[in-house]
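Chains A and B supply the protein sequences, listed in that same order. Sequence positions in the first sequence follow our numbering and run 1 to 237. Sequence positions in the second sequence follow our numbering and run 1001 to 1244.
Hints listed in this document are in silico derivations from the structure and should not be mistaken for laboratory results. Any given hint could be a false lead.
Unchecked claim - If you anchor each label on the Cβ, the simulated ranges turn out as follows: (1) Asn-219(A) x Arg-1018(B): 50 to 56 Å; (2) Phe-56(A) x Val-1221(B): 26 to 32 Å; (3) Gly-138(A) x Ser-1033(B): 21 to 27 Å; (4) Arg-1021(B) x Gly-138(A): 23 to 29 Å.
As the list claims (entries may be wrong) - Pulled a few chain A residues facing chain B out of the computed Cβ check, cut under 7 Å: (5) Thr-99; (6) Glu-132; (7) Gln-133; (8) Arg-135; (9) Asp-151.
Unchecked claim - In silico negatives: residues of chain A with every beta carbon more than 12 Å from chain B: (10) Ser-9; (11) Leu-16; (12) Arg-59; (13) Val-61; (14) Leu-69; (15) Gln-121; (16) Ser-131; (17) Leu-134; (18) Ser-136; (19) Gly-138; (20) Ala-152; (21) Gly-208.
Quick caveat: nothing in here was measured; it's all calculated off a predicted structure. Built from N, CA and C at the ideal position, the CB exists for glycine as well.
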Amino acid sequence: MQGFASEFSSALSLILNGDAELWAIVLLSLKVSVFAVLISALIGMPVGAALAVARFPGRRVLIVLMNALMGLPPVVVGLLVYLMLSRSGPLGVLELLYTPTAMIIAQVVLVTPIVAALTRQVVEMLAEEYSEQLRSLGVSRLASVPVLLWDARLALLTALLAGFGRAIAEVGAVIIVGGNINHVTRVMTTTIALETSKGNLALALALGAILIGIAVAVNAMVSTLSLRAEQEGLRHA
Amino acid sequence: MRDLVSEMASCLSVDGVRISRKGKVLLDVSQLSLDGPGPTLILGPNGSGKSLLLRCLHGLIVPDRGQVRQDGVVLNANHKARQGMVFQQPVLLRRSVAANLDFVLKRQGFSRRLRKSRIEGLLAEGGLDGKARQSARSLSGGEAQRLAILRALALDPETLFLDEPTSALDPNATQMIERMILRASSRSVRIVMVTHDIGQARRLAADIVMMQGGHVVEHGVAKQVLDAPESDAARRYLAGGLVT
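Excised from the complex, chain A in its bound form (with noise of 0.2 Å):
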């Protein structure tokens, strides 16, 4: 018992004295998670608006498959994204693999199908609610995908932190892709599995920490989010 509090201890102290390995890993953790949720709303925004208002033969398929994507196992994923970037692979001459950009790629793959789903979704209520008017003001559908996605912005920026929710505490593709190599591609989850196997848990204890405060500040906000996209809606109703 004795030794649990001495590592919370000693933990809390590394939080709070600024422990430059501790935060250093913390900024790679953000930087490689909000790098991936950006690209990942660059290119699931548009794809998930697109799917909200289009109507072509397959689109149901489509919507079914997305939102399968969305349980992506990570495991999987980050072998996928080894394969392409390892040597023999397509895009082995990028040399991109045990790189934090190959920690973005696998990132972006599990988080993509996570902000396309949620946009679809968002984005044909919303496209339901504006259609006539829309038409009415002879906006076509093309037209009308900027105009969804800026008035579904609340609602989409939920989207966007789920999304992160999900990047920031994924471990199984980062490992595979990232290599977990000090000061190099460690981030917190992966520095938490290592320093537990080793018996440093005043380290993992103090990521851990951070994790799980980084997850509560996203929740919050995701939840206070929601409350004002549903309050805009209600309002109107």
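Place chain B on chain A using the hints.
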């Protein structure tokens, strides 16, 4: 700006329009011509095809057969661009009051300076000055509907369609909306409006289209239709009887 004062309102006509779904005829209008001065009000019980006719006239619904013409020409994109529509439930963008107006003006290619002055003028016309920066979704029902009408008028339309715009409003809010409609009509904007309110029809209409079961059962000068209806359906509807 078009020279609204000197222009005559555009002429709308319906020629053999028919819409059916799952074997049921929802709208069947052989001939209808809206060419007189002043607002046209469409009356009739629920499900009589009033809103469907309005959407057909605005090109939101393409009929299975028949045609809608404006000034003798089959309704096309140019005509639609000069029409505005206000729905029963105002659909406002999740933006500020001014941004809702700016949206349509920007699409028409107005410069920033012109847009600003036009928005100020429109807000004053609708009694919404001072609310430019307020979220459009936080407006009251009457204010929201006024903004929806202003947004439609910002397009400088030849025709303004209104689908029961005051059905959920109190008498004060209704009066403000009716004044806006009459002002637009006096500027030669053709007004075509659906209502259930016979009193409103008396206050606004120059002519009345009475509908039942997807058909136009009567069309004539408002006073004549309201005071001496020719059809049984119109007589029963105006007498407050149950017409289905």
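Tested hints:
{"no.": "1", "hint": "Asn-219(A) x Arg-1018(B): 50 to 56 Å", "result": "holds, 55 Å"}
{"no.": "2", "hint": "Phe-56(A) x Val-1221(B): 26 to 32 Å", "result": "violated, 49 Å"}
{"no.": "3", "hint": "Gly-138(A) x Ser-1033(B): 21 to 27 Å", "result": "holds, 25 Å"}
{"no.": "4", "hint": "Arg-1021(B) x Gly-138(A): 23 to 29 Å", "result": "holds, 26 Å"}
{"no.": "5", "hint": "Thr-99", "result": "violated, 41 Å"}
{"no.": "6", "hint": "Glu-132", "result": "holds, 6 Å"}
{"no.": "7", "hint": "Gln-133", "result": "holds, 4 Å"}
{"no.": "8", "hint": "Arg-135", "result": "holds, 6 Å"}
{"no.": "9", "hint": "Asp-151", "result": "holds, 4 Å"}
{"no.": "10", "hint": "Ser-9", "result": "holds, 49 Å"}
{"no.": "11", "hint": "Leu-16", "result": "holds, 42 Å"}
{"no.": "12", "hint": "Arg-59", "result": "holds, 22 Å"}
{"no.": "13", "hint": "Val-61", "result": "holds, 26 Å"}
{"no.": "14", "hint": "Leu-69", "result": "holds, 29 Å"}
{"no.": "15", "hint": "Gln-121", "result": "holds, 17 Å"}
{"no.": "16", "hint": "Ser-131", "result": "violated, 9 Å"}
{"no.": "17", "hint": "Leu-134", "result": "violated, 8 Å"}
{"no.": "18", "hint": "Ser-136", "result": "violated, 4 Å"}
{"no.": "19", "hint": "Gly-138", "result": "violated, 5 Å"}
{"no.": "20", "hint": "Ala-152", "result": "violated, 8 Å"}
{"no.": "21", "hint": "Gly-208", "result": "holds, 39 Å"}
Violated hints, listed in ascending order, are 2, 5, 16, 17, 18, 19, 20; each of the other numbered hints is respected by the structure.
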